[in-house]
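A.B. asks: What follows is the residue order along each chain.
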Amino acid sequence: MSTTRAAPPSPRSAPERGTGGSGADERRLTWRNRLYRFDMRYMPYLMIAPFFLLFAVFGLFPLLFNGVVSLRNYELDDPTLPYWAGFDNFARLAGDEDFWNALYNTFGIFLLSSLPQLLLALVLASLLNRRLRAQTWWRVGILLPYVTPIVASTMVFSVFFSRDFGMANWLLGPFGGGDAPIDWRADKLHSWIAVATMVNWKWIGYNALLYLAAMQSIPRDVYEAAAIDGAGPWKQLWRITVPMIQPVVVFTVVLSTIGGLQLFTEPMLFDLNAQAATGGPNGEWQTIAQLIYKVGWKDLNLGYAAAMSWALFLIILVVAGINTWLTSRLSGGRK
Amino acid sequence: MRRSWSHWARAVAVGAVGLTMVAACSGRSTTGGDDAGSGTVTLKINFWGDFGLQDLKTKYEAEHPNVKIQLNSGEYNAQHEDLQKKLVAGSGAADIAAIDEGYAVQFRGQSDKFVNLLDKGAGSLESKYLPWKWKQTLSADGKTQIGLGTDVGGLAMCYRTDLFAAAGLPTDRDQVSALWPTWDKFIEVGQQYTGKTKKKFIDSGTNLFNPILGQQQVGFYTEQEQLQMDGGPKVAFDYTVKALQADISAKLVSFQADWDKGFTSGAFAVLACPAWMLGHIKETAPGTEGKWDIAAVPGGGGNWGGSFLTIPKQSKNVDEAYKLLEWLVQPEQQIEIFKKVGNLPSQPALYADPAIAEFKNPFFNDAPVGQIFPKMAQGLTPQYQGKKNGPTRVNVENVIRRVENGTLKPDAAWAEAVKEAEKASKS
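Sequence lines, in order, name chains D and E. Mapping to the UniProt record's numbering: the first sequence position 180 is 180, numbers consecutive. Mapping to the UniProt record's numbering: the second sequence position 177 is 177, numbers consecutive.
Warning: the hint list may mix true and false statements.
What the hints assert, rightly or not - Cβ-Cβ distance ranges computed for the label pairs, FRET-style:
1. D:Asp-77 <-> E:Gly-300: 24 to 34 Å
2. E:Asp-112 <-> D:Leu-326: 13 to 23 Å
3. E:Glu-223 <-> D:Ile-258: 22 to 32 Å
4. D:Val-123 <-> E:His-280: 41 to 51 Å
5. D:Pro-149 <-> E:His-280: 47 to 57 Å
6. E:His-280 <-> D:Met-167: 23 to 33 Å
7. D:Val-159 <-> E:Pro-410: 26 to 36 Å
Note that these hints are calculated values from the structure, not bench results. All C-beta atoms, glycine included, are put in the ideal place defined by N, C-alpha and C.
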């Protein structure tokens, strides 16, 4: 019954009314009919409504309200300012070197994390797609970092990358670092690598599992044919696997773009003086999300922070769009 | 037809569950403060760590059967941020909210969101307090007092007697205090120490900068809210850079893993320490018992940290909350708290009380902490804290950290500090 589309009501109800015996029965039938129609027509909407309601309350409303606040003077420690600021907050963004520095950092860390992350995930997935001993163990194992609470893992990494007693320096010791230990928090490159490592560690397994799921739907005979034609595993990966799981690749690229540009917890807790939210003494690894938090809750300028949030929203839209386009061009295969 | 009914029922069930979830998420908790019907009021107190209130709560509730007190301890930063968010939201704050010195300026700037305690008669308590403590939560125009002080940190110099002895320095606390009447002398002692032992003397540059700045007549901002870097900040900054150039700093960041390890490993030999730091040292490095002692801080006085109790205007029981607040800051209760958790009261008259004056700390070689810290707290001159004091301090501290980690040349540091401070003043 649920598979039939809602039929035009009149021809159906007419014969029923004809065959019906008493008036009461007739009414029951039409009531039932109405229910049936309601079920068919509106039930799907009702059932997806909770998501949209939640989205409206926790997604759309904050977004719009943020837009309103971004046009206001909303400084908690200075209530004397005029209510509306117009586009002053946005104009200020253009000349704010902190903002551009944070944007630069965000993209730097994004590149250092997303690219290796997705490539390694791809390689890992194709390895896991072969016949292995203890297959399930491996597959669940790579998901473990994803399950680890982000704060806990970041705390551990923070100690791992510490200057004086850190494991990272200890491991690098034999490779000529000897004379002076690396201060991972002193310059952009080292701090970016440290933060990107945390991101990669967490998300490689998750992406690999998504790729693996997609790979399992690729028919075996394609690979067999390719093997007969002399294509090695590497060529098979790039010429067959990647084009055939392209939708999933696009999905992970969009997801990691959004996640990468909103990076907050890792850079926040990597800082020894985390409460300042400056991402290093000279903002070496301060991301946009961190700067928004600092401007809003440390400098108490909510209007300006809202303007930054909106700018970030627009930037994510543009970058995700570009990445989608690029990925589908690069991994398309068929033109 | 039966199938359609069960299908329908299932759909309704799913929809209902979905809607309930929405309702549950958007539902506001309606736990108000006043149980008007029964005549009892519930007062919620938000604070961090241990304020030593547990026994006082029992006592107060016994004396006031109509009052129930709810103690809510949380993490230091989280409590302050929570209070700030509730103030913006307009509801949900506690009836009595503790704030720390470090956040006093931020909340003082929003004095319209707090009950003016002067309206409640707190003005009569002013003479009992250390003048600078009273001023810290007083609004810029002096007409609104948002909080009453509980404890102060004071500031002294904790030092490792074993490390001092190894470096050939005196270990007796009076002799050590005599070593460094000024910060210049302090840095000289540091150079001696480092020269002899090849180990670092102080923990960090910022923990030198802040106490020195606190001793100046004028801090970052004048009372007219003008940033004035050439006065106090310059003095403090120059000493700090001098110390960094003398290479006596272990370049650590307070309350971080490496810093905590430094207590046991002897990464530094002295540490500017307020009264509440003693507990931290004891907890972090229990193995160093008896190896610490406490001397005076160079330059005469100082303070680091200390709390206030405020009443947010959104409280539904302002009168009852004030009654409790006034009771809590009375001498008997403040002495109770000192005995319980060691928080030093901010009312100088209490320093003569035997419970405080005769108190010695066994972990620190029986140092008479009940004498040392009050003296330091009283030696401090009140300093005006500008509205942007917090962000300015953070930016200048960051410049010091850049000099420490070698990414900024010492001779370019002051210009950079001025630039960063100006940026913060306009933030």
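A.B. asks: Give a verdict on every hint.
C.D. replies: Outcome of the hint check:
1. D:Asp-77 <-> E:Gly-300: 24 to 34 Å: holds (32 Å)
2. E:Asp-112 <-> D:Leu-326: 13 to 23 Å: About 52 Å separates the Cβ atoms of E:Asp-112 and D:Leu-326, which means 13 to 23 Å is violated.
3. E:Glu-223 <-> D:Ile-258: 22 to 32 Å: Between E:Glu-223 and D:Ile-258, where Cβ atoms are some 48 Å apart, the hint is violated.
4. D:Val-123 <-> E:His-280: 41 to 51 Å: holds (47 Å)
5. D:Pro-149 <-> E:His-280: 47 to 57 Å: Violated: the Cβ-Cβ distance is about 26 Å, outside 47 to 57 Å.
6. E:His-280 <-> D:Met-167: 23 to 33 Å: For D:Met-167 against E:His-280, whose Cβ atoms are near 26 Å apart, the range 23 to 33 Å holds.
7. D:Val-159 <-> E:Pro-410: 26 to 36 Å: Since the Cβ atoms of D:Val-159 and E:Pro-410 sit about 30 Å apart, the hinted range of 26 to 36 Å holds.
Comparing the model with each earlier hint shows violations of hints 2, 3, 5; every other hint is respected.
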